[in-house]
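S.K.: Here is what each chain is made of, one letter per residue.
2 protein chains.
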Amino acid sequence: MSRLITSLDVDLGERSYPIYIGQNLLRDAGRFRPHIPSKQVLVVSNETVAPLYMQTLLDTLQGLQVEQVVLPDGEEYKTLEILNRIFDRLLEKRFDRGCTLIALGGGVIGDMTGFAAACYQRGVNFIQVPTTLLSQVDSSVGGKTGVNHPLGKNMIGAFYQPRAVVIDIETLKTLPARELSAGLAEVIKHGIIKDADYFTWLEANMERLRALDVDALAHAVEGSCLIKSRVVSADEREAGQRALLNFGHTFGHAIETGMGYGNWLHGEAVGAGMCMAARMSRLLGWLTPEEEARITALIEAAGLPTAPPDLSPARFMELMSVDKKVMAGQLRLVLLKGIGKALISDDFSMDALQRTLAGYGA
Amino acid sequence: MSRLITSLDVDLGERSYPIYIGQNLLRDAGRFRPHIPSKQVLVVSNETVAPLYMQTLLDTLQGLQVEQVVLPDGEEYKTLEILNRIFDRLLEKRFDRGCTLIALGGGVIGDMTGFAAACYQRGVNFIQVPTTLLSQVDSSVGGKTGVNHPLGKNMIGAFYQPRAVVIDIETLKTLPARELSAGLAEVIKHGIIKDADYFTWLEANMERLRALDVDALAHAVEGSCLIKSRVVSADEREAGQRALLNFGHTFGHAIETGMGYGNWLHGEAVGAGMCMAARMSRLLGWLTPEEEARITALIEAAGLPTAPPDLSPARFMELMSVDKKVMAGQLRLVLLKGIGKALISDDFSMDALQRTLAGYGA
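Those sequence lines, one after another, are chains V and U.
Per my numbering, the very first residue in the first sequence carries number 1; after that it's consecutive.
Per my numbering, the very first residue in the second sequence carries number 1; after that it's consecutive.
Take the hints with a grain of salt, since some may be wrong.
If chains are identical, the list can't say which one is meant, so a pair holds when it fits in one copy or spans any two.
Unchecked claim - EDC-like mimics (lysine to aspartate or glutamate), calculated; alpha carbons at most 16 Å apart, straight line:
id: 1; residue 1: K153; residue 2: D88
id: 2; residue 1: K153; residue 2: D213
id: 3; residue 1: K341; residue 2: D197
id: 4; residue 1: K153; residue 2: E318
id: 5; residue 1: K93; residue 2: E318
id: 6; residue 1: K173; residue 2: D215
id: 7; residue 1: K39; residue 2: D310
Calculated from the structure, these hints are not laboratory results.
Extracted from the complex, chain V is given alone in its bound form (with noise of 0.2 Å):
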């Protein structure tokens, strides 16, 4: 049976829009049919997930005109090139400006489809269906929408929204646990830039997190989901406070990218990357030596790394200039004046840096 545990609306004015969260809710018509204006639907899946769930979903959808389109796995896969079989399919089947699109699996999955309905005929209809915790926290709000180019991540996108996120907590039960680590570090990510009481919630719950307890995990993803949802909807475009949801991403896209796409999963980077951003935040005097290790000691708590792979101090500079948090050549980082104070800043000691980056190495 399924069951929805909680829902909330992203107010977004004319582009809000609801996220349910639930067991079962694939199987739960009545959450997808109101969201969905015509009868053709495409669903965009992995080769992945599409045997786990393609089947419950298509069977929830019967009725409708529904064709899939199965993708490889994998970040590697998040191209121009691959994007291009989405629009072929919808062409092939003659889509009409009226259909819809729903993106059944992780961030990759959610951040083609998406950007796929912002561009075919200029605007479909979407869907997410995340069955990565990542996803459920992360790309599920916000609207970014993209796709990789080899100099950078995400570098060519739009900002797209949803007509609604369906999350079934129960797809977490069959994602590897290293995923499920990966996910927890931008829900830690959430307590450290904006809530300190949902980050002391999270020492305190992150065994029941890793052990799959369905009502931490829903409790979990709702406070996420809430404190994105509350930063995104005051600043849609990313020109101020939406930034400090880039927390340990700086330092962390510089990890991806150095490693090579998919050699650390998303969440690790962020990881090491966030106690790189304490780390520095403590020797520019901002942040106490209690809520670094505190920080530490959260991430590794939800087995992620806490210090970077071996790349030099050049190395890692380089690859930090070509981040997108660069304005005109000035270096922006997210960094923290306390635990649930995040701020962004131009104004720190290249020192403070240089000491960051030299203290990890081999």
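Please arrange chain U on chain V, whose structure you already have, making use of the hints.
M.R.: Coordinates of chain U only, in the frame set by chain V:
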């Protein structure tokens, strides 16, 4: 010397922008600089236009970090694959979110550059410098950007507004006569759908326009931009009135697709398409034979075809069914109830459509 002849504002709230129309505006730095917020500028052009005007524009932009991409010329290169060359250059040069893309060329360059600007880092600044009559009166107003797919034109794209449009009438002096005629198709269309007085002015001035009289051209460009921007301002997302701009286009796209991209110019296909739509309107009893004759005569006077190529009615119907104007299988067409009075309708006798298609048989 550069001379601003006239300008108008396209009113789209916070995305409003000016259109400047004049002589030698390519040399007028004052038209560009207020719309370029950072030093990073990429000019995108093609192999035909770049040798004529790139150096002039580079001279005008001196002092900025200006890069260029020169694409092959032609509708057949309006693809995702060629688009990627723009992203390659932007990333090779480490252009950030504050950069500006300038489209120097016709509709294909404008559509591709605008789409690249919409997608690069999820949106950067964009200035249009349309150098063909068609793009001056059509592609540069309305924010439609995108690329083609083998199964349909403009199927992948975005609505994205430029910061400014700079129209240098002098560039029309290097335009092949056939392309000038193609641009006149859209000029005539604006009169037919919205403004009988403008249509009458065109009847009286068609010779001056084809003789490249600068005052006449500036007046026609302004008049067409005003009509189009009025329609677009009222209806940015094409739900209703904006669809009137598709007059002649459902037939026209079928011609273009059926003949293979590039064999008929877009404007030529629209010219023939408008004659077909006028014919069908007359067969429905909505347009008088005299009005149909005036429309056909003006299109002919512009140097445009007034009949489609030899495509069977069955093939025509097939080609029209993938057009974006088909909603859930129901064919919608823009038809006329008089010159200056267009309407969108799915409530017409299929017999009139069949007779229209059959009427042009070889």
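S.K.: If a hint holds in the structure, say so; if it does not, say that too.
M.R.: How the hints compare with the structure:
no., hint, verdict
1, K153 - D88, "between (24 Å within a copy, 13 Å between copies)"
2, K153 - D213, "neither (33 Å within a copy, 50 Å between copies)"
3, K341 - D197, "within (12 Å within a copy, 63 Å between copies)"
4, K153 - E318, "within (15 Å within a copy, 41 Å between copies)"
5, K93 - E318, "between (45 Å within a copy, 14 Å between copies)"
6, K173 - D215, "within (13 Å within a copy, 71 Å between copies)"
7, K39 - D310, "neither (52 Å within a copy, 35 Å between copies)"
Violated hints for the displayed structure, listed by number in ascending order: 2 and 7.
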